[in-house]
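Number of protein chains: 2
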Amino acid sequence: MRQAGRYLPEYRAIRAQHDFMTMCKTPELSSEVTVQPIDIIKTDAAILFSDILVIPEAMGMHLDVIESKGPVFDVPIRSVEQIENLQLEGFIERLDYVMQAVKMTKEKLNNRVPLIGFSGSPWTLAAYMVEGKGSKNFDIIKGFVYNEPAAAHKLLQILADSVVEYLNAKIRAGCDAVQIFDTWASILSPPDFEEYSLQYIRYICENLETNGAPVIVFAKGVSSYKNLAELKCDVLGVDWSRNIGDVRTEIGGAKGLQGNLDPTILFAPKEKIRAETERILRSYGTGAGHVFNLGHGITPQTPVENTQYFVECVKELSKQYHAEAED
Amino acid sequence: MRQAGRYLPEYRAIRAQHDFMTMCKTPELSSEVTVQPIDIIKTDAAILFSDILVIPEAMGMHLDVIESKGPVFDVPIRSVEQIENLQLEGFIERLDYVMQAVKMTKEKLNNRVPLIGFSGSPWTLAAYMVEGKGSKNFDIIKGFVYNEPAAAHKLLQILADSVVEYLNAKIRAGCDAVQIFDTWASILSPPDFEEYSLQYIRYICENLETNGAPVIVFAKGVSSYKNLAELKCDVLGVDWSRNIGDVRTEIGGAKGLQGNLDPTILFAPKEKIRAETERILRSYGTGAGHVFNLGHGITPQTPVENTQYFVECVKELSKQYHAEAED
Chain A
1315 MRQAGRYLPE
1325 YRAIRAQHDF
1335 MTMCKTPELS
1345 SEVTVQPIDI
1355 IKTDAAILFS
1365 DILVIPEAMG
1375 MHLDVIESKG
1385 PVFDVPIRSV
1395 EQIENLQLEG
1405 FIERLDYVMQ
1415 AVKMTKEKLN
1425 NRVPLIGFSG
1435 SPWTLAAYMV
1445 EGKGSKNFDI
1455 IKGFVYNEPA
1465 AAHKLLQILA
1475 DSVVEYLNAK
1485 IRAGCDAVQI
1495 FDTWASILSP
1505 PDFEEYSLQY
1515 IRYICENLET
1525 NGAPVIVFAK
1535 GVSSYKNLAE
1545 LKCDVLGVDW
1555 SRNIGDVRTE
1565 IGGAKGLQGN
1575 LDPTILFAPK
1585 EKIRAETERI
1595 LRSYGTGAGH
1605 VFNLGHGITP
1615 QTPVENTQYF
1625 VECVKELSKQ
1635 YHAEAED
Chain B
1315 MRQAGRYLPE
1325 YRAIRAQHDF
1335 MTMCKTPELS
1345 SEVTVQPIDI
1355 IKTDAAILFS
1365 DILVIPEAMG
1375 MHLDVIESKG
1385 PVFDVPIRSV
1395 EQIENLQLEG
1405 FIERLDYVMQ
1415 AVKMTKEKLN
1425 NRVPLIGFSG
1435 SPWTLAAYMV
1445 EGKGSKNFDI
1455 IKGFVYNEPA
1465 AAHKLLQILA
1475 DSVVEYLNAK
1485 IRAGCDAVQI
1495 FDTWASILSP
1505 PDFEEYSLQY
1515 IRYICENLET
1525 NGAPVIVFAK
1535 GVSSYKNLAE
1545 LKCDVLGVDW
1555 SRNIGDVRTE
1565 IGGAKGLQGN
1575 LDPTILFAPK
1585 EKIRAETERI
1595 LRSYGTGAGH
1605 VFNLGHGITP
1615 QTPVENTQYF
1625 VECVKELSKQ
1635 YHAEAED
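For the record, the sequence lines run as chains A and B.
Each number in the working numbering comes from the position in the first sequence (counting from 1) with 1314 added on.
Each number in the working numbering comes from the position in the second sequence (counting from 1) with 1314 added on.
So here's chain A without its partners, still in its complex pose (with noise of 0.2 Å):
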């Protein structure tokens, strides 16, 4: 999940002179952005401090990130044209910003931890290109997959095609694990969800190039697990509305499994802090395959000092339960 942010004084101390887009745009801002969760909350991994919506953007889409409304495009797509105008050609190189920070990410982290890309699934990212910015109950990207299912499928294929070629540069910049974030997963019922979400993020785990590097797919919200297990990929996030060890029997030990500790708990003092921790490993239960983490990103107004115990924390408790994995 992410771990930059503004919670930190020393990303604010940075975002203070540059904005949202000019540090994602800049490899130097970036990787540094990067870096600070590593040395200040001590993670095992580092996530590259980037925004889902880079890819449309590099399609011609113009965005703003205004901090205190979320990320908005102000000419969102309605039509079949828009899709047909988006700028396909050359949108890998638009977005070699990424791959730079991915490098620049690597040296300054010195082989410390490995290094994690990220990018939304193809339904995440057509929500946010066609309601144009966030939305409560979704019905602009929802009666247009259900009006244009056509020109809707057109959009979720050029986007899930676009994913690899993404994901694919970002492994070969240097990124050791990808991640795909379906954060609008849950607003879909069950056959939706496969038709307009999951289908294309099948494709994208079976047409990736890894080179061995693992493969993470975090769909917010699901109730069921059971499809997700058949993907081709490694580890499956899972936010803290579940138990993870029921996830965990769900799914029959087909994954790894990636969460769940609810972001909030980290206002919560120290004490609750390491029972939730406690409560989720022994929740999982002993053997490999439990990535901690939290069950969604890091939110601003966490203090910081809560998040270094919670490292602290999953370091210490984790011992006797991961114990197995590390032989």
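Think of the hints as simulated: they come from the structure by calculation, not from any bench.
Remember, predicted model here, so these are calculated numbers, not experimental data.
Any given hint might turn out to be false.
[Said to hold, decoys possible] Listed next, the stretches of chain A that the computed footprint assigns to chain B, with coverage defined by at least 3 CB atoms under 8 Å from CB atoms of chain B:
{"no.": "1", "stretch": "1456–1462"}
{"no.": "2", "stretch": "1465–1477"}
[Claimed, not checked] Calculated pairs, DSS-like style, for lysine-lysine (alpha carbon to alpha carbon, straight line, at most 25 Å):
{"no.": "3", "chain 1": "B", "residue 1": "Lys1450", "chain 2": "A", "residue 2": "Lys1584"}
{"no.": "4", "chain 1": "B", "residue 1": "Lys1540", "chain 2": "A", "residue 2": "Lys1383"}
{"no.": "5", "chain 1": "B", "residue 1": "Lys1447", "chain 2": "A", "residue 2": "Lys1450"}
{"no.": "6", "chain 1": "A", "residue 1": "Lys1447", "chain 2": "B", "residue 2": "Lys1383"}
{"no.": "7", "chain 1": "B", "residue 1": "Lys1447", "chain 2": "A", "residue 2": "Lys1383"}
{"no.": "8", "chain 1": "B", "residue 1": "Lys1546", "chain 2": "B", "residue 2": "Lys1450"}
{"no.": "9", "chain 1": "B", "residue 1": "Lys1450", "chain 2": "A", "residue 2": "Lys1586"}
{"no.": "10", "chain 1": "A", "residue 1": "Lys1540", "chain 2": "B", "residue 2": "Lys1417"}
Think of the CB as a built atom: it goes at the ideal place given N, C-alpha and C, for glycine as much as any other residue.
For this one, chain A is given, so just place chain B on it according to the hints.
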């Protein structure tokens, strides 16, 4: 789920002349908009037009409902002192306008269809009272319950007792069924859901004087229905993220199930509306216990014609599945 609303021109005509809270507080107006969907959409039950936040408002919290922003408390709860200063004495008398609306609605319905009354769950009410408004991460309410658990439980118990009194009064006034909405159930991890929400819903269910009125519990987005199935209630609401047939299997027929069409399907072409209705009926299967409904409230831009068609589809297609229930 909410039936009256901005998608109906007849509602907008009244809303144009009165602010939202005036409509809630004026029995002539709230009963009129409650009955509108029965005449226009032809649903089998009416849901009293109201807002879950009338309870904290009757306890002295000033509430503004701004249509584009949602409800806002200008002085949210942040301390034990504020909880102690809630005006509990006489709060139910200050909600007499709701009971008058129930009586007036019953007269207007003239036994055509039953009337459902509702309340927010203690957790969902507390989330609004402490956050002050809707939230993305709910870090204020969660920080509050984690750091001041005694104060949080005091507030939740006050709300649980108040909801019992409120729903009992609604039943006495004439409601034929009552529903408890836990809109924010899914933001809690499983053990926190039990501690901060479910135990208070259980308390309400065990302390209601229903006089035979069915009790419906809707905990939106929960991943497991096992614990809910043990509540002293009659029906569980299911949002559209689950297959309703899987939930039926999970709870072993312990309760009726209400749901679960994605409300945005009403933006789809008629064939899709019909197909989804049929899919849900087939998923639940034959026999008694299915209350067909949307998986959440209807959204403002929903086409009226599609909503009417949806109700027609349910009435037509459910016959073969619900035959046993009608014997």
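Any of the earlier hints contradicted here, and which numbers? 2, 4, 8 and 10
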